[in-house]
Structure formats: structure tokens, C-alpha cells
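There are 6 protein chains.
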Amino acid sequence: MSRIDGRTPDQLRPVTIQRGWSKHAEGSVLISFGDTKVFCTASVTEGVPRWRKGSGEGWVTAEYSMLPRSTNTRGDRESVRGKIGGRTHEISRLIGRSLRAVIDFKALGENTIVLDCDVLQADGGTRTAAITGAYVALADAITWAQGKKLIKHGRQPLTGTVSAVSVGIVDGVPLLDLCYEEDVRAETDMNVVCTGDGRFVEVQGTAEAEPFTRDELNGILDLAVSGCAALDAAQREALAATL
Amino acid sequence: MSRIDGRTPDQLRPVTIQRGWSKHAEGSVLISFGDTKVFCTASVTEGVPRWRKGSGEGWVTAEYSMLPRSTNTRGDRESVRGKIGGRTHEISRLIGRSLRAVIDFKALGENTIVLDCDVLQADGGTRTAAITGAYVALADAITWAQGKKLIKHGRQPLTGTVSAVSVGIVDGVPLLDLCYEEDVRAETDMNVVCTGDGRFVEVQGTAEAEPFTRDELNGILDLAVSGCAALDAAQREALAATL
Amino acid sequence: MSRIDGRTPDQLRPVTIQRGWSKHAEGSVLISFGDTKVFCTASVTEGVPRWRKGSGEGWVTAEYSMLPRSTNTRGDRESVRGKIGGRTHEISRLIGRSLRAVIDFKALGENTIVLDCDVLQADGGTRTAAITGAYVALADAITWAQGKKLIKHGRQPLTGTVSAVSVGIVDGVPLLDLCYEEDVRAETDMNVVCTGDGRFVEVQGTAEAEPFTRDELNGILDLAVSGCAALDAAQREALAATL
Amino acid sequence: MSRIDGRTPDQLRPVTIQRGWSKHAEGSVLISFGDTKVFCTASVTEGVPRWRKGSGEGWVTAEYSMLPRSTNTRGDRESVRGKIGGRTHEISRLIGRSLRAVIDFKALGENTIVLDCDVLQADGGTRTAAITGAYVALADAITWAQGKKLIKHGRQPLTGTVSAVSVGIVDGVPLLDLCYEEDVRAETDMNVVCTGDGRFVEVQGTAEAEPFTRDELNGILDLAVSGCAALDAAQREALAATL
Amino acid sequence: MSRIDGRTPDQLRPVTIQRGWSKHAEGSVLISFGDTKVFCTASVTEGVPRWRKGSGEGWVTAEYSMLPRSTNTRGDRESVRGKIGGRTHEISRLIGRSLRAVIDFKALGENTIVLDCDVLQADGGTRTAAITGAYVALADAITWAQGKKLIKHGRQPLTGTVSAVSVGIVDGVPLLDLCYEEDVRAETDMNVVCTGDGRFVEVQGTAEAEPFTRDELNGILDLAVSGCAALDAAQREALAATL
Amino acid sequence: MSRIDGRTPDQLRPVTIQRGWSKHAEGSVLISFGDTKVFCTASVTEGVPRWRKGSGEGWVTAEYSMLPRSTNTRGDRESVRGKIGGRTHEISRLIGRSLRAVIDFKALGENTIVLDCDVLQADGGTRTAAITGAYVALADAITWAQGKKLIKHGRQPLTGTVSAVSVGIVDGVPLLDLCYEEDVRAETDMNVVCTGDGRFVEVQGTAEAEPFTRDELNGILDLAVSGCAALDAAQREALAATL
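As they're listed, the protein sequences go chains Z, P, G, R, S and W.
Letter by letter, the first sequence follows residues 1 to 243 of UniProt numbering.
Letter by letter, the second sequence follows residues 1 to 243 of UniProt numbering.
Letter by letter, the third sequence follows residues 1 to 243 of UniProt numbering.
Letter by letter, the fourth sequence follows residues 1 to 243 of UniProt numbering.
Letter by letter, the fifth sequence follows residues 1 to 243 of UniProt numbering.
Letter by letter, the sixth sequence follows residues 1 to 243 of UniProt numbering.
It is possible that part of the hints are untrue.
The list cannot tell twin chains apart, which means a pair is met if one copy fits it or any two copies do.
[Stated by the list, open to error] Derived DSS-like pairs: lysine-lysine, alpha-carbon spacing no greater than 30 Å straight-line:
{"id": "1", "residue 1": "Lys83", "residue 2": "Lys149"}
{"id": "2", "residue 1": "Lys148", "residue 2": "Lys83"}
{"id": "3", "residue 1": "Lys148", "residue 2": "Lys106"}
{"id": "4", "residue 1": "Lys106", "residue 2": "Lys83"}
{"id": "5", "residue 1": "Lys152", "residue 2": "Lys83"}
{"id": "6", "residue 1": "Lys53", "residue 2": "Lys148"}
Treat the hints as calculated values from the structure; they're not laboratory data.
Produce the entire structure from the sequences given, and follow the hints as far as they go.
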């Protein structure tokens, strides 16, 4: 049984990670998971939000947004509606938490890094592509800040790597990295964020139709762990290249 | 090793479910998980949102909010700030999804039920108490609507029961139903929504400090399943009483 | 001629005042005027708003809100609409002014007390119940602050007591403490805030249908004064009990 | 003992009412109470808000606003702040209620009249000047609508006249029509809206410093009634002139 | 061929400039271009916005607004809608830039002048009347500030004069100072801001129907320059009078 | 005298126009003017806004936005601030007007085309690049709609072509197509929108420092006309290629 785009159930879509896509940002990446394209920038500023001043610790936060015509049908701009929707909030918070999981704030010092993840084209998995790309932009921004001596040498602010993938159950079959059409049809949908050593940062599973069993949960978790391992390799390869 | 409040790791706080707490709402419950108190009302209106009209199907949605002084330090009202925060949005969406998981929309007919979950006092686990209480309010509202012939007899809109509990790892020990002090100290924090037959509706786990392993995940999932079973019994007992 | 609920024209509904309803707030009261139930908390914080800094004087303010299903038909949440309605603003301001009328700001010192009055169930007279209950919560909060030495001994910040009641003319008859059904039918509607010694803090009368005469005004003012005296007694009794 | 501007306690400031100040509005008035100047327009539109459609009845509503430099110190524009303050809301509602008190909605038919009261210069009593001027603009707008046959002849939509004045107690002395300096110093401040036949539409009294006694209340009510009678005469005189 | 109101193509409408229209503002003008009436106030405050502190330089900014019934059909208040429309923003920015063009910020010192331009009645050309009137209010405010020693003597903050006029092509004919009816029918519409010595501060031309040629552009620019010269004379005459 | 980037005063930066950059939008273009990169999509929907229904005419509108890190320093998202800034509004309106200038609304029929212009990287001239790119996306969207028979054959909705360029005076020298560094230093800054036959759609010139003379205006207009001619050629070349 093959998938819409001919993949096997445990196969990722083609992943590309292009670094240095912005001349302004300290780190920037255009990442694609198949037809899903997310532009991730990492912006470094000295200083931290007021509630963290004097702590000696830095801060990392994220904002996610979709261009109005990144989807099949044009959506309203949140700036025009005057408020951010619940889904946007939720994903921005997820991206921020995921990246903070691999940061040593003491080593970062009182610097703030903001990750902007703007979806240029959406075809399922935008939040997982955003996390995976944002990690690479973050790594470049930290290297930049070390070069500028904003971050002291001797202690690495990145304590690990992080990537994310979606998994789901479609027609009873566990599938890795759902495209939009699969996502719509999934009975269960899960986003998993893993560190490079295979541990979990976030696990968010939702029964879209039928509640899922413990066995089904185990099946899709297995897929997710293998998918994150492949994404971890793609991140390493991208970062190994000269910018 | 005992917990702050003397419980064993797999023990829920005392749970109380008081039905009929409002003279206006079609279903209403004051639920407490220890010192966490949430007031849940279910409001039935004929008709559905515009995008669902003519479908023959109903709709269930939820809004969660905390009173400004439900917490130890007074928080700003979201109505005064003029926008709803990300956390509120996220929890409202979670409650709505969780209850929709046990609804047969065809059987509900073109009726809408809004669940309002207002936290009167917070001590950890407000979203899980809200889901657990909202289920009972929803059940009462459906009974009311059946009595009023808004819902046709013959087919039951409720396809199952649903409850929720938080679990976490504190000092390396998996604990059930975290109170606020435990929640703050947890390395990993997870909210689990289960149906009465032990299947999963939502699984949301977050590493607050260290990423967690597959074994740790399995340990807290076990606790969550047992906790939901106990909550399911408490719901049944509450609903068995005469209103 | 008897009223809907069998009361005489000059009779209050049953009044209950439960103190200590919140484990977090410095003062907290659940007050009921018949089926109207308002949860009042008083939150003490050191310091005052910017415009008052360095004055040596404290500040007291209030926020009023109705839970969406406190009424017979569910109302939209103001946080969801993104703005506070005129009625809410007006009542919040009224409560704040009423309580400031019995405060010696010098004696309070540079401390701020915020009174949150959240209507859990509405059946007419929510603002008057809120003022009456908020006074008791305020008194408890001041006692707490004296115990914590936030307020210096020797001078009492409370210069008097304050309570409030609605009065109106229904079918030509002056009535005390209108329930919702009476309120809807009233030709004239008035809210009166009195101190314990029978003086006026606020008098707000509105002709809903016919303009009212000076004689009618005098008649309902008489009722209001007697009602506030009874509420003053209820407040004293509540505060006399051990918390 | 004479007042700041030399008036006796029971004397109004000079009142001017200029009709026809706008070429666009169906009714328009520039009213001044001393240095307080309010521009009032009445806009007629066919049809009523949705909730009133099909009732055969009309609607009258009001919006009050202050130009940013109508006061001694420039205030922020509410349009720039993005929300309307509580005071503005409260006064808009008061003006609307006051004018609806003299309208027969059946006779008005399904037409809406919006009264805009914009304060060009403020020196105390802006809301009372607004009500007094809006009445005249409303009367002109109704005459216009009768001329256009929007309102059927035979039944007069205006059932009476309405005007408003402020009264207060300053240094223990009851004063009529407070200017800004007196208003700031008043112990008690009251706004009274009367019909031309001397009955009350609104009575809103506030103790700014000391609570006030029943005798004091009676004293300022007497002043208010006499002030409104004088304003009623000024309105009649203005309306008697050819536009 | 004559215009709607009988003017020749190169003729301004009657211009009146009344100074001292507010007792509160440091400079204030009621300007009319025919039936267009704009109330302009200049408010002086010591100090500058945060981003300019310590620079030794002042700031000048403007806010433009239309009263809801300044137009033929009542418009919604922007304060009620909760946001400022694009047109309002655009005109406020234009007025601010135009007046800053004739200010020496060093000579102004760290003072801020806010120009409020509120349209009381609109009949085309509201932005050009606003700029022309605001200049006079600004000049008076600067004189006031010099009298109060807020601005040091020796160096004049005003480096020139500024006025503005609209021009357009209607039925192929270039016309000066369009009234509303002409504006609606114009193929091309241009607003020109000139200094008193005939140089340009702003040129904003828009093809409403057909794109315009270089020759047409030259024709309307000629008209605009002559119109601004006449407005410059009117400003000088107004300022020459004793306030 | 050469420019920062070595161009002659009358030379455009390298222009690239990539069509088909989105798989979802009916027309899409990534346009670059040197380092300025704007992503333009054209979204076609059947039907028109309410105020245009039944007219038989279509509508074209535009929204402009900058990604937060498109600039050298990260800016706040307008969706997060909850309101759109004046500059964004102004540019969105300019783009919409510019493209409507070459549309025959009758030929478009009751269809709406929304142009989204999102700046991915900014280096001066973002609005002129947006207009130039949006024209190409619009042309592709119209071709698409003709293919889908949404637009009837026989009459071409596009009545011409349109492009835009910035010009300015820097150190007294008129320059074409300013990059950011030049823009900041410009004494005069002008954006010019031309049709392919050399006529003007918009002319917006602003004196940033010194007012400009008629001769200077003529000099930069000459440059703008030649620049738009070159952009017109680039658009034609891009559209001539097979998509």
C-alpha cells in the first residue's frame, strides 16, 4: 500500500535546508519538507526582557506565522484582524519551548534570540519544519554571537540538537511526516520533538476521529523517533557546510 | 518517599463534583481536584455556527478562563488587556477537542453546546479538572435538551465518557495529578485525556528541564491511565445521583 | 399586594455573606442577595500606580465582570470580544468610588487594594451585592495587611462602612432590592450606596419608562436607606465571626 | 460669598444655543455653558439596528467624545489608544438614555437617530451641556424627518423636552452649574436630567470627599430643578427662532 | 466654462482663518476653505519622545480626524471601531511631515508640539486646509513658548512658512482647490504642499481614472503653486492681526 | 561621481522576476531590486465585497507587509502589536490604487483579486518592487481566471501595464532606484508609478530635508520615467517566458 506521493509509511518527504537566506539576520534558513517551505530567521539582541534582567541568563523565544496565501485558500492576515489566533499562539509557544530545551541560558549570557518562522508555502507539517529549521538558524546565530564576543567562549550555549516531525494514523496505518492531504484524513495526528540523542522534548497527540490505543501510540512514537533521527542527520549535514 | 500533601505517587487529590450549581445553565458543575476549583457550565442553543448550517450536525466548543485572583498573585484580566493570551487559547481549544471526541454530531442535531470553564481557585491541574467537570455538565445539558425535545430520541449524542489528569516527573519520580508546587518543580509535565474505555484522546507532554526518555514516557502514561479510570468512576457516581 | 417571591415592598431578599472563600486572596467573600451570587476578592499589593508614587497615599480600585453564563442567556466573554462594554466599565467605576469613600488613603500608606467582583449567578442587583460584599473583603484584606505590618498601626484606613441596594418603582409601587423580573418591569430604577451612619455615597436613579416625580424619588430613597441599614447589620455580623 | 466667576449660587453660566451649525447633519447645535462648548449633531437614517427590525419602533442613541485639546492638558485620542474609556462610555450611555426618555418610538417609526456630542472646549458640565444641546438637535432632526415624510404625521415622536445641569456642594454651599474649578473642589457632585415639566429622568450624585446627608441632597436637587427650568426656557427660545 | 460654485479654474474658495479659538491650547485656529472647516490646535509640552531624549532637539507631530457627521453621511467613529483607518493615518503623517519641513529642531529645543486637526465640516480639501491652518496654530504656539522662555531667544524655530492646496483635472480642465463634488469627478487629484518661497514640501498626485501625462502634471503644478502663494498671503495676514 | 554600489545615477539595480513561486496562488512572483526581495501573490476569488455586489464589476486590492527580520534590525510583528502601522496602511493603499489603474472592472466581472506583497528582505524601494512584481502576478492570475472561464473572453481586464520606481536627490544629485543607504541620506525622495506608455499613475514626492524646486522635481521625474520604461521591459520579458 503506497502513499499519495508514493512514499513508504516510514519515509520522510525530501528535506532541504538552505542557510544564509537573509543578509540581515544573524542566522537564517529556508527549510522545505516536500512542498512545505518555512523561512526561519534568528535575531540576536543584547539584553533580555525586563523580568530576566540581572539574572545573568539569556532568553530564546519564537514567533510563527503563515503568509496569507501560503495555503490553498487565502487566509486573513492576523495583523488585519487585529489579533493572533489560537493556533498561531500555540505553535509559537511550542517552537519556543522546543528550542529552549537545548539552550544553556547561563552560557548564552544576557542575550535574547528571537526565532521568526514564516510559512511561505504550506503542505502539512509546518510546525515541525519550523522547529527543525529554526534549530539550524539558532546554531548559526550563536556562532555569529560568539564571533562578536557577545557570548563568552568556554561554554557552549547549545546543549544538544532538536528536530521535529509529524506522525499519524491514516486508514489504520501509522505514517511518518504527513502531507496536507494525509493530515486531513488522519484519525490520529501527533507532533513529536526529539533531541539528537533520541529523547523527547514534546509529544502532542490528538485523536481527530477515534480515540487511539496504547499500541497505536507506541507505533507512531516509533516512527517519530526514526524520523527525527533522519532530520538530525540532515541538520548536521547542513551545518557542516561552509556558509 | 511521600508527597507535599502526603499522597502516594499514584494517588489523586480528593475529587468532588457538585452538579446543578447554576440556576440558569442547562448543565453546571463545580468540580474540585484538591484546592483547584473550576466552575463548568454547559449552555445549549438551537442552531449552529454559519459554517455548519444545513449539515444536520451540531457543534460543541469551550472557553476557559481564570478569575484574576484564582492564583496566588493577582493576574490581569484578559478583557482589560483586550486580548486573550496564548495559554488561554490553547487550553480552550484542548477542552473543546476533548469533549468533541465523545460526541456524535449527527445525533446532536443542529444544536450548539458551549462549555464555559472558569477557574475560581487554581492549584495545578486546572485544565484537567475543567475537562473532567465539563464532561458532567455536558451530559446534564444533553439530558436537558432531550427532555425539551431539542435532541431526538433513539440515538445518544454522547458516544463515551472523557476525563483528564496531569502526570509528571518530579525528582525522577513519576507522580499523578500534580498540585501547583509539584508542577513548578516537575522535569516533565504531561496532560492526558482518556475515554472511559482507556483509550487516548489527547497526550501532551513537555520536557520542562531535561528531555525525557521512552521509559519515562511509558511510566507516566501508565499513571495517567489509572488516574483517568478513577476519574471516570467519580463522574459516573456524580451522574448517578438525582439532580 | 405581594411580590413575585412573596416579599413585602420593603423587604430585602435573603442575604448571605461567606468569608474566606479563596485560599489565595487577602480578603474574599461569596455574597448572595437571593439568587444573585457575587464572588468578591480583595488583593493587596505593596506600592501604588505611577501617578500616585511618593504621595504616601494608597489606592483602591475595582473590577466587575459577569461570567458568561451567569445570566439566563449566555453572553459573549469580553475577553473574547476584545473590549470591555460600557456597562462593565460603569459598574467597575461605581464599585471603586464607593469603597474609596470609606478609605483614609494616608492611613493605608502606599499600598494598593484591587477588588474583583465576579458575578457567578445574576438575578438583579449584581452591582449592589458586589459593593456590599467587596466591603467585607476589603475589611479582611486590611486586617491581613495590618497583621503583615504593611499598614502601620495607630490609624485605621477604614473610616466607615459602606453597602448598597437597588430600589425601584414597579406598577407604581416603590420596592426594595429588585430581583431581575422586577428590574425589567420597573418604571424607575435606582442604586443607592450608603455609609453605615446613613449618609449617601452614590445615588443613581434612572427613569426607564416614565420620568419620576420628587415625591417618588423621596419614597424610594426612604426604602434604600432602610435597606442599607439592614445590609450594614449583615456585614457587621459577618465580620464579627472568626474567619 | 460669591463664586469664582462672580455668579450667585443658584445662577447658570451664560447659555448660548446656535442651531444649524452643520450643513450636513439633519439637526445640529453648538451649545455653550460658559466656556464649555459642545457641538451636537443629530443624524437620521432609515432603518433600525438588527435587534429592533420589524418592531415598527425607532431608535435613538448617542456618542460623546472630547477633542484631545478640549481640556487644559492634551489627552490621548481614544481612536489612537484603540479603546474607549469608561468615562466616555458612561456619558454616551447617559445621553442616549436621557433623550430616549422623551421619545415615542412607535411614532418615530423604524428610523434611527444618532446624536454625536463632541466637546470642543471643556470647562465643567460637558455632559449636561451635551444633553441640553442634543435635545435641540434632535428636535430639528425630527422636524426634518417629518418634512421628508420619513416620519408620519399625526403623532409627535417627541413626548416632552429634556435638559440637564450639574449641581454640587463646594465648601458646604450648594452651587448650580459648576465650572471646572468648582467641580474639582466639590465635596459632592450631581448631574440631574429633568423633563420640561419638572420630573426627573436621571439623578446621579457622587460623594467626592465626604458622604452627603439627605438634607444636602434635597438642597442640590432644588437647585437642579430650577436650573433645568431655565435651560428648558433657553431651548424653547432657540427652537422658536427660524432656522 | 464655470465651476459648480461659479469660480474660475484658478480661483480658491473663500478662506477664513480665525485664531484663538480655544482657551486651552497654546495655538488654535478655525480655518475654512469654503464649506470645509477644520479646527487646528497646537499643544506644547516640555520634553520629547523617548527616542529623541538628550538630543537637544524638539519634535512636531500631528493627528487628523473627522467628526462622524462632518460628512454628508455619518461615518463610524474610529474610537468605536477600535482602530484608525488607513486614510486617517496617511493624512496625519502628511500633516506632521509638512510642518516639520519648516522647523529647526535645534532651535525648538527639547519641546514637543502636537497639532490636532479635527474636521468639523468636510467639503473637499480637508487635509490641505488642515496643513494651512495648523501652520498658523504652530506659529502662535511657538510665540507662546518663546514668551514662556521654553524656547530660547536668538534663533527662530520656524524656518519658513508652509501651506497646501489640492488641484485636479476635471473633464480635462485643471482646477484649483477642489470642492467635494469636483473631487469625486476628478480624473486626477493632487495635493501639493509648498513653502512660502514657492518650493515643494510634498507632491502627491493620483490618477483616479485615466493616467495623466507630463503636460497635465505641469499644468496642475502651476495652479498649485499659485494657490499656495495666495494661501501664504492669507496666513501672513491672519498672523499680522493682534490675537 | 559614482554611487555606493558603483551604479551611474540613472541606473537601476539588477532586477529579477521569478514567476510561479507558489504552488497555491493563481499568480505568484519573487521580485528583486538588488537586495530588496518581495514575494507577490495574486489570489482570485469569485464574488466581490458587499458594497460592489450586483454591479457586474470586479475588485482588486492589495496588502503589503514586511517580515519582522526583513530589515537590519528586527521589527515587531503588526499581528502581535494588534494593529497595522500607518506606513503599512499607506503602502497597501498605494499598491491597490496603482494596479486598479490598469484594470477594466467590467471586463474582470464580479471577481476579486487580492495582491499580497510580503517583503522578505528590504534594502530600499520595497513599495516600488512590490508594485512592479504585483503587476506580473496579477497578469498571471488573470490568465488563470480566463482559463477557468471565470473571466469571459472577448474583453481583456488589463488595460495596460504598470511599474514603479523610486527616485531621489542625494547630495544634490538626482538618483534612480535608491538603495537603503541612499534613501536615508536623500534630501528628496519620490516614488513614481507609470504605465507602460509613459503616463503617471502616482507621483509621491517628499522633501526629507530641504524643500525642492520645480527644476529638481523635473530632473527626478525624468529619471523616474526612464526607470519605469526599463522595468516595463523586464516585466514583458518575464511574462513572455513559459510558466
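Each hint, compared with the structure:
For the homomeric pair Lys83 and Lys149, neither the shortest alpha-carbon distance inside one copy (38 Å) nor that between copies (37 Å) is at most 30 Å. For the homomeric pair Lys148 and Lys83, neither the shortest alpha-carbon distance inside one copy (37 Å) nor that between copies (35 Å) is at most 30 Å. With identical chains, the CA atoms of Lys148 and Lys106 are at most 30 Å apart within one copy only, with a shortest distance of 18 Å there and 36 Å across copies. For the homomeric pair Lys106 and Lys83, neither the shortest alpha-carbon distance inside one copy (34 Å) nor that between copies (33 Å) is at most 30 Å.
Taking the closest pair of Cα atoms, Lys152 and Lys83 never come within 30 Å of each other, the shortest separation being 39 Å inside a single copy and 38 Å across copies. For the identical chains of this complex, Lys53 and Lys148 are neighbours both inside a copy (21 Å) and across copies (29 Å), given an alpha-carbon limit of 30 Å.
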